[in-house]
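Q: Sequence order for the protein chains is A and B. The numbers in this note's numbering rise by one with no breaks, and the one at position 227 of the first sequence is 227. The numbers in this note's numbering rise by one with no breaks, and the one at position 25 of the second sequence is 25.
Hints listed in this document are in silico derivations from the structure and should not be mistaken for laboratory results. Do not rely on the hints blindly, as some may be mistaken.
To be verified - Distance windows between CB atoms, simulated:
hint	chain 1	residue 1	chain 2	residue 2	range
1	B	138	A	55	25 to 33 Å
2	B	142	A	8	30 to 38 Å
3	B	29	A	8	26 to 34 Å
4	A	240	B	16	22 to 30 Å
5	A	85	B	128	41 to 49 Å
6	B	115	A	87	32 to 40 Å
7	A	65	B	95	41 to 49 Å
8	A	122	B	142	30 to 38 Å
9	B	33	A	216	28 to 36 Å
10	B	142	A	279	45 to 53 Å
11	B	95	A	227	52 to 60 Å
12	A	227	B	149	51 to 59 Å
13	A	70	B	142	43 to 51 Å
14	B	128	A	102	39 to 47 Å
To be verified - Partial selection, computed: residues in chain B whose CB lies under 10 Å from chain A:
hint	residue
15	19
16	72
17	150
Bear in mind the structure is a predicted one, so any value in this text is a computation, not a measurement. Think of the CB as a built atom: it goes at the ideal place given N, C-alpha and C, for glycine as much as any other residue.
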Amino acid sequence: MKTLFARGPSLLSRLVLALACSFLLIFIDHRLQAMKPVRLFLNSLVAPVQYLAILPEQILDGLSESLKTTSQLSDENKRLKRAILELQGEQQQLRFLQNENKRLRELLGSDARDSVRRMVAEVIAVASEPFSQQLVINKGTLSGVYEGQPVLDSNGIIGQVQDVGGNTARVLLLSDQSHAISLRSERNDIRVLAQGTGDIGRLELMFIPHSSDLQEGDLLMSSGLGGVFPEGYPVAQISSVVRDESLPFATVFADPVSALDRVRNVLLLWPSQGEQQPIFDEDEE
Amino acid sequence: MIVVKPGFITLLVTYIIALTLMIMPMPAAFDTFRPDWPTLVMLYWIIALPHRVNMGTALVLGVLSDILLGSIVGVHALGMVVVTYFAARHFQRIRNFALIQQALVIAVLIFIKRFVVFEANVFLHDAEFTLSYFWPVLTSAIFWLWVFPLLRKVRRRFGVV
Chain A
1 MKTLFARGPS LLSRLVLALA CSFLLIFIDH RLQAMKPVRL FLNSLVAPVQ YLAILPEQIL
61 DGLSESLKTT SQLSDENKRL KRAILELQGE QQQLRFLQNE NKRLRELLGS DARDSVRRMV
121 AEVIAVASEP FSQQLVINKG TLSGVYEGQP VLDSNGIIGQ VQDVGGNTAR VLLLSDQSHA
181 ISLRSERNDI RVLAQGTGDI GRLELMFIPH SSDLQEGDLL MSSGLGGVFP EGYPVAQISS
241 VVRDESLPFA TVFADPVSAL DRVRNVLLLW PSQGEQQPIF DEDEE
Chain B
1 MIVVKPGFIT LLVTYIIALT LMIMPMPAAF DTFRPDWPTL VMLYWIIALP HRVNMGTALV
61 LGVLSDILLG SIVGVHALGM VVVTYFAARH FQRIRNFALI QQALVIAVLI FIKRFVVFEA
121 NVFLHDAEFT LSYFWPVLTS AIFWLWVFPL LRKVRRRFGV V
């Protein structure tokens, strides 16, 4: 029988020990960046919790799917068929344009644009603290996902892969405070840097001179500079431009084109000539 | 052979549920108000069983939170450890408070935890202050009014001592 007293070290010494451990962990992870192998292991360790977290949603989805009436289903079917037809039409045009573009680029002697390989992944968890905006997706190293990989949804770029586990990967969203992306205005090719603000659905454009010809409503595409994101995908739209001459730069905010708080399925991209290649499951494609 | 103390499974299950609730996808409108589940559950166990649940648990739960939330490993652990100290130091006092008073104490503790985590983020990568990060202080205190009786029931039902 243990008495009330004399149970190991005192609370204060335990506190000191635990604080030392935390500081050590922070130091190892942040300053030495030496946690990668441990992180991979821990990410795989907590993956079941992440899969558990989406279980209720999946069950509800399944229920609502099975409770749909025939007319709802046939309506949806019709709508989807029409959408496919339209997209196929556009794709034919796209093929033609791609070929033409390639030929013209060859004539000019510049490199042909690479096509990319894609894989669909599902969002299984969100980390929604103002200073860490991330998603967890259900594909990892086993599917060929790599660090720094661009991630899109149906509207545009949403972020990049930050770290990878066996079956999961963590996506850093554009709106994270530590994330910045190089963009180009579609209207006039002005290059800008967009940094996350920690507010989902708002990016801040940095170092914009007051004389710059950016306007509200301008669409910003990825510029391909920096080598992480491929060129030419829509990213954000300018929502406000404030030219306060007392500040060194204009204050410009942009809204991401995809609703980052509502993403459910994402697209992973692999450049066709990169070292990394996607690894598809047997039952997919 | 590993000897499992009675009630270990129960503790583990409550932690796993808390961690799951922490990362469960939710509509953005509720997301800001999501209570700080792991801290809430851990605080209950510290107050109920301070000889069993303290610094070690706080450290492990903190590191798991860090991994699940993708922050720098050790940041949440730091916050958890600090509140654990206060809760474990004053557990007898907190135990004897009325539920409402307890909720106020919990609010203060969760505020301290969030403040520590926030300051650590400021130190590590110049995070900017966002008020929304402190909404869970309020919701956690409100949820305590249900979490406390529920976990007490769990503790008695499964004989965790």
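Q: Which hint numbers does the structure go against, in order from smallest to largest?
A: Hints 3, 4, 6 and 17 not satisfied by this model.
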